[in-house]
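*Asks:* Here is what each chain is made of, one letter per residue.
There are 2 protein chains.
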Amino acid sequence: MSMRKPLIMLPGPTNVPDRVMRALARPIISHRGKEFEALYESIVENAKYVYQTENDVFPLTASGTGGIECAVSNVVDKGDKVLVPVYGDFSRRIKEKISVYGGIPIEIPIEWGNVPTADQIKETLQRESDIKAVFLVYNETSTGATVRELPEISRVAKEHGALVIVDAISILGGDKLPVDEWKIDICVTGSQKCLACPPGAALVSVSSDAWKKIEGKTVRSFYFDLLRARRFRERRQTPFTPAIPVFFALDEALKMIREEGLEQRFRRHAVCASAFYAAAEALGLEVFPAKEWRSNTVIAIKKPEGISVGDIRKVMENRYGVMVAGGMGKVKEQIIRIGCMGIVSQREVLTTVFALENTLKDLGVKIETGAGVEAAKKAFS
Amino acid sequence: MSMRKPLIMLPGPTNVPDRVMRALARPIISHRGKEFEALYESIVENAKYVYQTENDVFPLTASGTGGIECAVSNVVDKGDKVLVPVYGDFSRRIKEKISVYGGIPIEIPIEWGNVPTADQIKETLQRESDIKAVFLVYNETSTGATVRELPEISRVAKEHGALVIVDAISILGGDKLPVDEWKIDICVTGSQKCLACPPGAALVSVSSDAWKKIEGKTVRSFYFDLLRARRFRERRQTPFTPAIPVFFALDEALKMIREEGLEQRFRRHAVCASAFYAAAEALGLEVFPAKEWRSNTVIAIKKPEGISVGDIRKVMENRYGVMVAGGMGKVKEQIIRIGCMGIVSQREVLTTVFALENTLKDLGVKIETGAGVEAAKKAFS
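Going line by line, the protein sequences match chains A and B. For reference, each letter of the first sequence is one residue, going 1 to 381 in our numbering. For reference, each letter of the second sequence is one residue, going 1 to 381 in our numbering.
Please note that the accuracy of each hint is not assured.
No distinction is drawn between identical chains; accordingly, a pair holds when it is met within one copy or between any pair of copies.
With a Cα cut of at most 35 Å, we get these calculated DSBU-like pairs of lysine-lysine [said to hold, decoys possible]:
| id | residue 1 | residue 2 |
| --- | --- | --- |
| 1 | K377 | K158 |
| 2 | K255 | K78 |
| 3 | K132 | K332 |
| 4 | K122 | K5 |
| 5 | K314 | K217 |
| 6 | K212 | K332 |
| 7 | K213 | K377 |
| 8 | K378 | K122 |
| 9 | K213 | K78 |
| 10 | K291 | K217 |
| 11 | K95 | K217 |
| 12 | K212 | K95 |
| 13 | K332 | K217 |
| 14 | K366 | K176 |
| 15 | K314 | K34 |
| 16 | K132 | K361 |
| 17 | K314 | K95 |
| 18 | K48 | K5 |
| 19 | K81 | K314 |
| 20 | K183 | K213 |
| 21 | K132 | K377 |
| 22 | K34 | K332 |
| 23 | K5 | K78 |
| 24 | K255 | K366 |
| 25 | K302 | K5 |
These are calculated hints, taken from the structure and not from any lab test. These figures come from a predicted structure and were not determined experimentally.
The whole structure should be built from the sequences, with the hints applied where relevant.
*Replies:* This is the structure:
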């Protein structure tokens, strides 16, 4: 066994650049002092750039799931009808959270690997009057499918007077998501995915329409209360002690995104994803989501017959030093998922394809040697 | 201005040893792999040592306030009568949280600087039948007062069939708190206080009586759901992506407590606190809490007449490189608070007393030069 750390190609946490890792170990500062205020301001300003928004953005000390809980607890009132298409494990969780907070989830069940379309959302909004909000997972981490019609869905929802709440945890910073242009009312992400930062922080943007709803309802959480966060924002502080080391790292990670530029960053993710898909096809592997919904940040591939997801993961990690994930929920044993996020580049993609190709060979799957790597290379040329 | 970082003598965050800071920057690992399982196990085992408990202990990705929200949301059912003495800003916040979760807070208002006694609790439990839980802030960070009758209060509460929920955020690991011996049902702490770890994680212990209540009630939070945390504990995992760097640091910080030993650690805190109190008296300063409730971990001292808390803090930090805090809530402008936590030792105490003494002199307060430092030294001899 190598003493070298494996390459992390998980759909989160992802590989973190040294510069961001070093920021973690900066000396602790007071969260009520001037240094923190500058840090807070910097995080918010750069987060707004990544979100492409003029809306308020709040950093939270919580995982991405905590960020979603923040959205649900601030927006969903007891008895509110909330539209929630379910097409994977994370959209299923959101439905559960809506129930926990007393909302009435109006579910659109969708086969895993597919995603909701604007027509489906429109039809449901017309049938079910009085829907207060639409909750969407932009990129279903559990299936590797992206809601490509998000801009149209958002337009339809806003026309019906519903708020648009987007879980962008595994995609923001890795693929197009102009929050203001697409009129997203609340957009949530986590630090440990496309932002290439360690886990421990979430970001939540809030539009003026969302504020209207929040101001008019009963507070349902103390820790996630956005009105309190807004009061403390005036002093560029968080209401409670923040995870200072993670905030330092998040600041550095956001600065790196700004230096690279969003367009270049999205292009890099798209090219890497296309290389993964080309390799999968060259190896005769089936991509899990339908072609039009394939994600640029989470690559989900069906395992070949006759071998197990566990075996693939074990050999890839132990022999080739590359960590990928299996499936979740009902497709747990059927797919492998590869994170194509953050600092991903040609180097990580080729190493991963090489590892996958050889792992399959080692496990007795008939593949053409080098076909995956060749196909991936072509995508980069 | 010095380029050297100031000494952090805040009531949290506190100074973090290098060994713990270095742990922050360890390479990121998967939270669903074997390495994390070992980390989780190690944190829980050492946390149980610090808690002196056989109860379950859960690490959370949240600040201490998030830990309290976890306790409230898991234990307080709609309409539950909950006893909550209020004697500072943190006990006031707990009252607010109980209301947010639909509980009926039965408040015992107590003058700030004082704390509830077993007699007061008993009297209220007898008058108000059907109280489901008693929430206590063991050490009121906002006033520097410790509930010294906590063991008796707990006994009285348990006799009345009420759960005992303790906020030990600014004291656990710095003063006596044998959770099992004192029959504490839920005990919450934060990483950044007496544990001498950076902020970003909370710990919550749960007794079998608390589990009975939790199992019988509706889930009120998804992120803080302890039943979910218990299911994942079986695999030594957290339900959601944890703040891995903070978990690494927490593990190291807990190991350091175990190496020092609880008894020695409590003694060290007590001696340092007595040195602070002796210095305050020698300087003619009034300690804020009543003598019998003085905390060993948060030192609250009234400012002298004629100068402001802000001036004291500014001069102490800018000229002498020592950060202390002002008051909170209604005593904001009346007291300064000094953290006596974590790695505090003779060195930090003497530096702080030296800084305070000279600051007061600089601001025109008549004091005997060296009297504070001399009195503090005596406490260590």
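*Asks:* If a hint holds in the structure, say so; if it doesn't, say that too.
*Replies:* Cross-check of the supplied hints:
1. K377 with K158: neither (43 Å within a copy, 68 Å between copies)
2. K255 with K78: The answer is neither: 40 Å in one copy and 45 Å across copies each exceed 35 Å.
3. K132 with K332: Classified as within; 33 Å inside a copy, 42 Å across copies.
4. K122 with K5: The answer is neither: 48 Å in one copy and 57 Å across copies each exceed 35 Å.
5. K314 with K217: Neither: 49 Å inside a chain and 41 Å across chains, both beyond 35 Å.
6. K212 with K332: between (40 Å within a copy, 32 Å between copies)
7. K213 with K377: neither (50 Å within a copy, 58 Å between copies)
8. K378 with K122: neither (40 Å within a copy, 77 Å between copies)
9. K213 with K78: Intra 13 Å, inter 24 Å, cutoff 35 Å: intra and inter.
10. K291 with K217: neither (41 Å within a copy, 44 Å between copies)
11. K95 with K217: both (20 Å within a copy, 20 Å between copies)
12. K212 with K95: Both: 23 Å inside a copy, 27 Å across copies.
13. K332 with K217: Between copies, since 31 Å is at most 35 Å while 39 Å is not.
14. K366 with K176: The answer is neither: 37 Å in one copy and 65 Å across copies each exceed 35 Å.
15. K314 with K34: Between copies, since 12 Å is at most 35 Å while 48 Å is not.
16. K132 with K361: neither (52 Å within a copy, 62 Å between copies)
17. K314 with K95: Within. Shortest intra-copy distance 33 Å satisfies the 35 Å Cα cut-off; inter-copy 50 Å does not.
18. K48 with K5: both (33 Å within a copy, 30 Å between copies)
19. K81 with K314: Neither: 44 Å inside a copy, 52 Å across copies.
20. K183 with K213: within (15 Å within a copy, 43 Å between copies)
21. K132 with K377: neither (47 Å within a copy, 65 Å between copies)
22. K34 with K332: between (47 Å within a copy, 18 Å between copies)
23. K5 with K78: Cα proximity of K5 and K78: none, with 48 Å in one copy and 49 Å across.
24. K255 with K366: neither (45 Å within a copy, 50 Å between copies)
25. K302 with K5: within (26 Å within a copy, 53 Å between copies)
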